[in-house]
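In order, the protein sequences belong to chains A and B. Note that this note's numbering numbers the first sequence so that position 360 is 367, with each residue one more than the last. Note that this note's numbering numbers the second sequence so that position 259 is 332, with each residue one more than the last.
Calculated directly from the structure, the hints in this document are not laboratory data. Glycine included, C-beta positions come from ideal geometry on N, C-alpha and C. Any given hint might turn out to be false.
Calculated cross-link-like contacts (lysine-lysine; reagent style DSS-like; alpha-carbon spacing at most 25 Å) [said to hold, decoys possible]: (1) B/Lys375 - B/Lys125; (2) B/Lys375 - A/Lys371; (3) B/Lys119 - B/Lys375; (4) A/Lys318 - B/Lys410; (5) A/Lys21 - B/Lys410; (6) A/Lys209 - A/Lys143.
Residues on chain A that point at chain B, a partial pick, calculated with CB under 7 Å [to be verified]: (7) Val94; (8) Val286; (9) Ser287.
Spelled out from the first residue to the last, the chains are:
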Amino acid sequence: MEFGPILRSLARNKTGAVLIALQIAFTMTVVVNAYFIIGDRQARMQRPSGVAEETLFHLGSAGYTTNYDAVGSLAQDLQLLRSTPGVVDAVAVNQIPLDSSGWSSGAKTAPGNEHQSVPTAMYMGDHRTVATFGLKLVAGRDFTEADVRDRVPNMRGWPDKLMVTQALAAQLWPDEAPQAVLGRSVYIGDEAPATVIAVIEKLQAPWSGWSQVEQSVLVPEKLLWPSVNYMVRTEPGQRDALMPLVEEALATSNTQRIVSAPESMDDTRKRSYALDAGVSRILTVVMVLLVAITALGVIGLVSFSVRRRVKQIGTRRALGATRADIRRYFLLENFIITSVGLVMGAALTVGFNMWTVSALGFPKIDLAYVAGGMLLLWVVGLLAALGPAQRACAIAPAVATRTV
Amino acid sequence: MLAYYFRLAARSIRANWLVSTLMILAVGVGIGACMTIVTVNYLMGKDPIPAKSAQLFAVQLDSWSPDEPANDDGSPPDQLTYMDAAALLQAAAAPRQVAMMQTAFVLQPDDAQTRPFPLTGRAASADFFSMFDVPFLYGQPWSADTEASGQQVAVLTRESNEKIFGGIDSVGRTIRLSGRVFTVVGVLDTWRPMPRYYDVTNSPFGEPEEVMVPFQLHRALQLPRRGNTNCWQPVGDEDADAIYRSECVFTQFWVELPTTEARQAYAAFLDGYVEAQKAAGRFARPLNNRLSDVNQWLKDQKVVDENARMMLGVAVMFLVVCLLNTIGLLLAKFVGKAPEIGLRRALGASRSTLFAQYLVESVTVGALGGLLGLLLTWFGLLGVEMLFGNLVRGLVRLDGVMVGTALLLAIFASVLAGLYPTWRACSVQPAAQLKSQ
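Isolated chain B, as found in the complex (with noise of 0.2 Å):
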């Protein structure tokens, strides 16, 4: 029966090719275009680490300045002072935790031919590879002892291990960096955070750094400082070494919190440590330490753009327009049918049989108008690719959930738009309408 309806829909479709299209072409158009905003706003604020994001936590804690609050709303700085996230890191109050920073290097080739070049990267502690389930290519993290030693050890990116070994298996080998020489001691494997949460104050949608160090070289190396820097007050001493002591907010410090009651024990700790601070003279504003899990992160932090937002409001409006239009497409093309139906219902079709068929046709051309829409859409975020460049690198694929998502909503809005009209066409009566034949 079914098979039946559908080859009554064909034809049904064929026989009225314009208006068919022209519905085909209004889903397909409305589907895309929501789609590709839909599928932009979705990768710019889905979560990241689904399985421990809510056990991993960014901490602020409230370093500012007595005089005014860091943030207008008042929340505290997003990043800690080095001092603070070096106390915390020591405390080790946590199960795991991680304090870092953003560097830069710059990779000096063994053979004088090719020229040096630059390459991001992040000074962290160990458990920043366990925390956020980083995965290894070949070899393994930096163990604590190593870090504790001051040895100087990389872990290198699947990408720039390509790039500097031609992606051989190069733990135990050695690198130049600015002049120092590192050994690798693991590779990792493709990995892209997205977005890249554990560090949103520098480029949320960014790549993971090329090359990762133990965190404590970055003080006893005086590696460069790459991310964003916020000082409430001068640095204080001239030295090289004075930014590591200042209250300037340049690192970050995450701690991993598996159950409701580490985290309170966690947010009790802060809450000591800063009172043994504002004894000490440092602290001046209120108590106000904050642990954000990732999905509270990455709102408080706006990751997902005003301008991403304004675009989905902007979207879901275009996709009911093209829906209202499907209906009232519908609608005419189910008037013309009116004879037909009344005709039919005269010989003893049930309207549940008329109805079924019709809403076999609606389906068609709701999956017709989705996978139009899902043509569109992958052409609209390369689109949105090209446009943005570098903002949006990476970010713009389609998924399987989204292109189910897809899917789904196209048959889902045309089965909406065609319900009314079905309706209407199947309330015919026969009557009337063999009257006037």
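Okay, chain A solo, but in the shape it has when bound (with noise of 0.2 Å):
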């Protein structure tokens, strides 16, 4: 191995190896961040909703006149919907998961501003909302249409009974299982006690980069109100063909309202992750086109290396040396160059991680994901030197002796 002769002819020509080594740095700051960002968002877009998304829409009503039948327009509206062909169930409620736009509040154990409160997303909707939504209860019962109350415009309190979340049961009572908060106590908001009767698996509120949108309250409420938001659940593969017959349908049967576009539980995951998604569209086509102009780079400096040495390799080939030795030395060369590359890079990129911490609140990198980009671009740098080293090899003694 030639490390030393390799050595003493970089120092006398840093420039080249320092701009690919520079490149190198940059480009694993790079790549190692924006996979580790894209990965990072394509979990949080894997979690699920907790409801049978693909067989559900959803759309809203808004009465508008001033003398408004709420009562009876939701009774003719969800009699409507149920009994429409392919329509399995309906309901009416406050908010929709992930659709963004919903109510919180805060829950806790005991009553009195002395005691924190964990935040919660407020779900209201009849004894059909289990069922509607898909949801799953790992423990207790569903609410009966006995447990409904109804919910008049600007009323306060709350029923006195509700359901909670997995997520917000591990708050309210940390290490205590599903089936011991049965039972429990909640207080929402100041207001009287309700009772916990089951808990849902999974139930995301509306605001998907919320941190903790897992936390959801589900109460028995009819809503009383001039603008609702109906969920629609349909037999699988019927849903996109009936969104616009129930909008036709629900928009002529009462036009004292308006009703909003329908929009499938797909779509609303859809727009609520747009944020995330173009992001990691960008990172993508970000790395793709950074490491191939690395490549090039790469190519291009070490063709320029070989240029400039034709007649020290015509040489070393008249004195002896293989083309395997031309080859070698060149591999080397790039592989000394592109290690310390990735070690300037490797401290680049846990920094920029750590500004993108502090800054702007992103999780902390794995310490793999830097690893595994080390080992990523030692083979692109390898793959790149290859044809320039080719071309080295492939230079004729003869060079040697032609211009002294």
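The two chains are supplied separately, each in an independent frame; assemble them into the complex guided by the hints.
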């Protein structure tokens, strides 16, 4: 191995080496951080919402006249929705998972200001909500019609029974099994307490970017408001055909209100995570482009160093070096430069991640990503250097004698 | 001479077309990626009203719970309670002030054939239009007297006037909104503040609301609330008016304070107001009023998304890699010219002449890369718009400033990238090169 000569020669001609090393360092920083961020976003996007998304769609109904009959409209709409062929069930709720607008409140296990409350999304819907949403209960029983109370506009307070998600239960009563929290009291915003009658496996809040997105409460209420959301569960495969029909039927059945365009839960999910998906795509393009550009740069600079040493290569060949020796020289030289770049890159990668953690609140990087990035760029660097190195060993020994 | 250098540059670029193409591509892609992200950041964070941004102040009062701050960093809530906004409006302690909130309407067309459709709305006091320099196409804002009299008047945007009246001068016409009749007093000209600084709580990159009505009508008619509402304690009573008497925050309040003295006087007035409220049993938290001018407000409210800031970091590194690449390629290219340079030096060309000549070549490559970069930026912005859809609608556009910046950046970057290789090329020893010819 000719480490010594390589290092001495690099020390005399630093420019090209420094350029490659710097390129590799910055490329590694971007690629590793981008890959890590993409992975983080993908994991967020794949979290289940807890509802049967593939058979659900939702649409809004907003009564606008000053004497709007909210009670009659609700009964009529639900009757219409539930009797539509292909519709399994439908409920009126105040908010939709991942839909980006809704209610939140604070829940606590004891009254009074001295107790810290846990933030939670507040879902309101009647006794058919669990079945329509397709929620899974890990403990307790579903609401019955008798549990449901009417909720009129501007009403305060909450029903005396509610359900909590597993995540919320774990916040309120750490280390307790779901079965154990049944019958416990929950105080929502300093109102009279309500009893937990069931624990929901999963029901995400309307805000996908919220750090407490898994914390939700469902209360049994019939919404007698002029504005409600209808969540509609259809037979498998019939949803997309039903959406325009249902919209038209609701819009023509009552002209005292406007019906908002129906949206499938799949589209709601897409809309909710549009930013994450977009960021992931941009970063993917950036990663690919950058690796390609760096590979081209390595090819260019290795070619440059080969061209400058044509005579020396010829001399070495004339003195007995084999083609393999020449190839190995250039590959080894490139390996050393790449390694220096990757060591700088590792420091820069962690530095950039530290900035995103402290300034932007991003998660901390796993060092395995750094190792993976180094491995990838070593391979890319070697492959890129292979072509020019091949050309170097094609130089004939005669070149050495030609111009002296 | 310069024209001759350009001809030489063109010849050299053609002669080494592969390396030259690579260089132009590298500069172009680097500039394109960088400028796409920089443009998005620039538009997100740029001063939306440069002429007045230092005179317009968002007001914050800390009316929050005695037990915990409104925000983790201890800052007061971003909006005011209705009571406080109405009281500050009534006091009129600033030359101009506006209290406002989001609402929504349903427009009921006169002919029964057309279905009613929703319109976004804002209830704002009369100074809104003069404070924020809102341009009018037809008519004018409602007056303070009109506002006080409780008349049902409305101002439309150019777009909503197009939608409702087909773009005619609709001043004096009436519209039926959610079961009530309003008279149109004005129509705005095209107005799209970006970001929508006057209300960043609710969609900072959204469009201005389609119908504007006087602030006090919101309570008088109990119009719906559409913006963010935050409460630290229950509303209290169960009547429809209770929310206006509650500690819930859903109202924005801005003041125009042209001078530092006016600002100090207003800050003192706010302190006095809060002290008086404290005496009356409200405002249990320590005195924590804030007056933030437009740019401070955009910064405090973190209008530039953290994703955009991360992307900016990535884009800058991307550009650095592209430039390092270009330096490397130029080096490689100029080394190939060493014999030619040696010959010319021996024939009497001075170093500065050669330096100028090769710099012209670098700049030409940079300018071509810059043009390519601009084209790529344009595609990049289209891509961003496609990816993010409504989140950034109207946000992504190239303006003159950005086009100029991109070109300058490209040329600056390529000159920077070209300097070292050019210098290396020019320091060729003529003798060394001639010897081996």
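Verification of the hints:
1. B/Lys375 - B/Lys125: holds (20 Å)
2. B/Lys375 - A/Lys371: Within the cut-off at roughly 21 Å; holds.
3. B/Lys119 - B/Lys375: holds (13 Å)
4. A/Lys318 - B/Lys410: holds (17 Å)
5. A/Lys21 - B/Lys410: Cα-Cα ~20 Å, so holds.
6. A/Lys209 - A/Lys143: Distance of about 7 Å is within 25 Å: holds.
7. Val94: violated (23 Å)
8. Val286: Hint holds; valine 286 of chain A Cβ to chain B Cβ min 5 Å, cut 7 Å.
9. Ser287: This interface hint is violated because 10 Å lies over the 7 Å limit.
In this structure, the earlier hints numbered 7 and 9 are contradicted, and the remaining ones agree with it.
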